[in-house]
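Quick note, the sequences are listed as chains A and B, same order.
In case it helps, the working numbering puts the first sequence at residues 1 to 229.
In case it helps, the working numbering puts the second sequence at residues 1 to 228.
Among these hints, one or two may not hold up.
If you only want the chain A side, here are some residues facing chain B, beta carbon under 10 Å, derived [stated by the list, open to error]:
{"id": "1", "residue": "Ala50"}
{"id": "2", "residue": "Gly88"}
{"id": "3", "residue": "Ser208"}
{"id": "4", "residue": "Leu211"}
Hints were generated in silico from the structure; no laboratory data involved.
We put the CB at the ideal spot given by N, CA and C, even for glycine.
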Amino acid sequence: MNARTSLLLLADSRLPAGAHAHSGGLEAAVAAGRVTDTHTLRGFLEGRLATSGLVAAAFAAAAVTAATAAAAGGATPGGGVALGGLDGLDLALDARTPSPALRRASRAQGRALMRAGRAMWTLAPCPAAPHQPVALGVVAAAARLDAGDAAFVAAYQSVTGPASAAVRLLGLDPYAVQGVLARLAGDCDDTAARATARAAAGDLPAASAPLLDITAEVHATWEVRLFAS
Amino acid sequence: MRAHALIVAEADPAGRTRLVDVRGEVPLLPRRTGSRADGGAVVHLVGGAAGPLGGDELTFHLEVGEGASLEVRSVAATIVYPGNGTSRLAVTANVATGGTLHWLPEPLIATAGCVHIGTSTVDIADGGRVRWRDELVCGRHGEDPGDARLGLSVRYGGKPLLEHEFAVGPSAPGWSAAAVLGGAGAIGSLLEVDPDLKPEDPRVLGPASAVLPLAGPGRLTLSLLQQA
Numbered sequence: 001m002n003a004r005t006s007l008l009l010l011a012d013s014r015l016p017a018g019a020h021a022h023s024g025g026l027e028a029a030v031a032a033g034r035v036t037d038t039h040t041l042r043g044f045l046e047g048r049l050a051t052s053g054l055v056a057a058a059f060a061a062a063a064v065t066a067a068t069a070a071a072a073g074g075a076t077p078g079g080g081v082a083l084g085g086l087d088g089l090d091l092a093l094d095a096r097t098p099s100p101a102l103r104r105a106s107r108a109q110g111r112a113l114m115r116a117g118r119a120m121w122t123l124a125p126c127p128a129a130p131h132q133p134v135a136l137g138v139v140a141a142a143a144r145l146d147a148g149d150a151a152f153v154a155a156y157q158s159v160t161g162p163a164s165a166a167v168r169l170l171g172l173d174p175y176a177v178q179g180v181l182a183r184l185a186g187d188c189d190d191t192a193a194r195a196t197a198r199a200a201a202g203d204l205p206a207a208s209a210p211l212l213d214i215t216a217e218v219h220a221t222w223e224v225r226l227f228a229s
Numbered sequence: 001m002r003a004h005a006l007i008v009a010e011a012d013p014a015g016r017t018r019l020v021d022v023r024g025e026v027p028l029l030p031r032r033t034g035s036r037a038d039g040g041a042v043v044h045l046v047g048g049a050a051g052p053l054g055g056d057e058l059t060f061h062l063e064v065g066e067g068a069s070l071e072v073r074s075v076a077a078t079i080v081y082p083g084n085g086t087s088r089l090a091v092t093a094n095v096a097t098g099g100t101l102h103w104l105p106e107p108l109i110a111t112a113g114c115v116h117i118g119t120s121t122v123d124i125a126d127g128g129r130v131r132w133r134d135e136l137v138c139g140r141h142g143e144d145p146g147d148a149r150l151g152l153s154v155r156y157g158g159k160p161l162l163e164h165e166f167a168v169g170p171s172a173p174g175w176s177a178a179a180v181l182g183g184a185g186a187i188g189s190l191l192e193v194d195p196d197l198k199p200e201d202p203r204v205l206g207p208a209s210a211v212l213p214l215a216g217p218g219r220l221t222l223s224l225l226q227q228a
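The whole structure should be built from the sequences, with the hints applied where relevant.
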């Protein structure tokens with residue numbers, strides 16, 4: 001951790017990167033009656049952290065390494081990158097995201113994050129609308145953060161986004177929800193550390209949450225919804 | 001217990017599928033049981049012993065040649081029991097151009113206290129076809145499951161098509177909660193890979209079931225079921 005203020009800027013929910021428009025599957029879980037209170041919210045967050053949170057954290061970490069190599073001249077814009085590069089990571093995330101709605105949501109957030117990142121730092125060459133974890137790695141590398149920092153932001157955001165959506169959707173006590181997040185902090189740190197180690201070893205996780213995949217498609221058919229995903 | 005099984009399927013000049021090599025060891029015993037309408041071979045895995053048990057290391061390799069068609073089934077559910085350590089079942093498959101593999105085994109039942117890792121690695125050449133079904137039941141009736149992790153890794157034409165892993169049991173945080181299984185007792189997935197699939201929209205089949213078109217040439221149907 002060598003650029004603490006940059007790290008805070010990147011993790012801040014006020015970063016204009018569109019994250020507030022997404023509930024991470026929570027809106028669908030609330031509509032289905034699966035999340036109703038802080039207890040069921042905690043279960044939702046634990047499952048999300050262990051699945052899509054772990055995957056996002058590992059890919060963000062791997063993308064820092066790939067973006068650092070690309071910035072050092074290891075790759076040409078738009079191609080020429082082996083499967084370990086940013087294009088390869090982006091393809092590998094497609095393979096880990098069977099739901100078309102979640103692929104769209106991830107790329108929309110990736111594009112928004114790239115836009116915000118470009119306004120702050122000089123970014124490495126990258127696919128045009130990358131998956132969000134790839135964009136996070138690219139932006140983190142540009143901010144001189146390391147792979148572990150990017151994993152840490154990804155793990156953190158995998159629970160804070162749905163938690164704040166829960167306050168808005170269910171009218172839960174924001175203090176109680178913040179308490180849930182504080183009790184998940186250790187799990188979040190562990191997930192980020194595990195994700196960083198797996199990315200460094202080239203062992204990218206593929207943990208999936210079937211309900212998030214299925215209900216993302218249910219949610220995408222609604223005519224009226226508060227969140228984009 | 002360590003065991004290895006192998007099936008090599010090739011097409012003869014008349015387009016019928018010949019099994020040029022079928023080998024197995026208890027508890028993985030493949031037996032040719034019939035033919036498909038398309039001339040393909042049907043093979044059943046017959047149970048040679050209980051298990052897998054903790055500590056078992058099982059590997060199974062399938063090779064489907066150009067133009068060959070192979071359907072693999074099992075005669076009964078696979079029941080994973082605790083034992084001495086982790087049980088592992090690693091399935092690898094290569095499907096050549098014009099080859100078709102149907103992997104349609106009975107469900108895997110993860111009993112209390114088991115520790116099981118199943119990995120399936122499928123490499124499909126351009127123009128190959130696959131139907132791959134996995135069903136995981138979380139414990140026998142009224143039983144909480146042990147730890148079971150099932151991974152499916154599929155490449156098509158050398159590129160990743162699907163990387164998917166389910167984990168249930170006490171070591172998988174939040175597995176039965178609202179994001180992962182939502183209290184369901186079983187997960188079913190069916191991957192269909194076919195270069196002739198037309199682009200399609202996702203379809204919602206029910207509150208916990210959907211057909212998901214992949215970014216590559218295939219679709220994944222995911223369904224969660226309450227346990228009977």
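| message | If you test the structure against every hint from before, which numbers come out violated? | response | none
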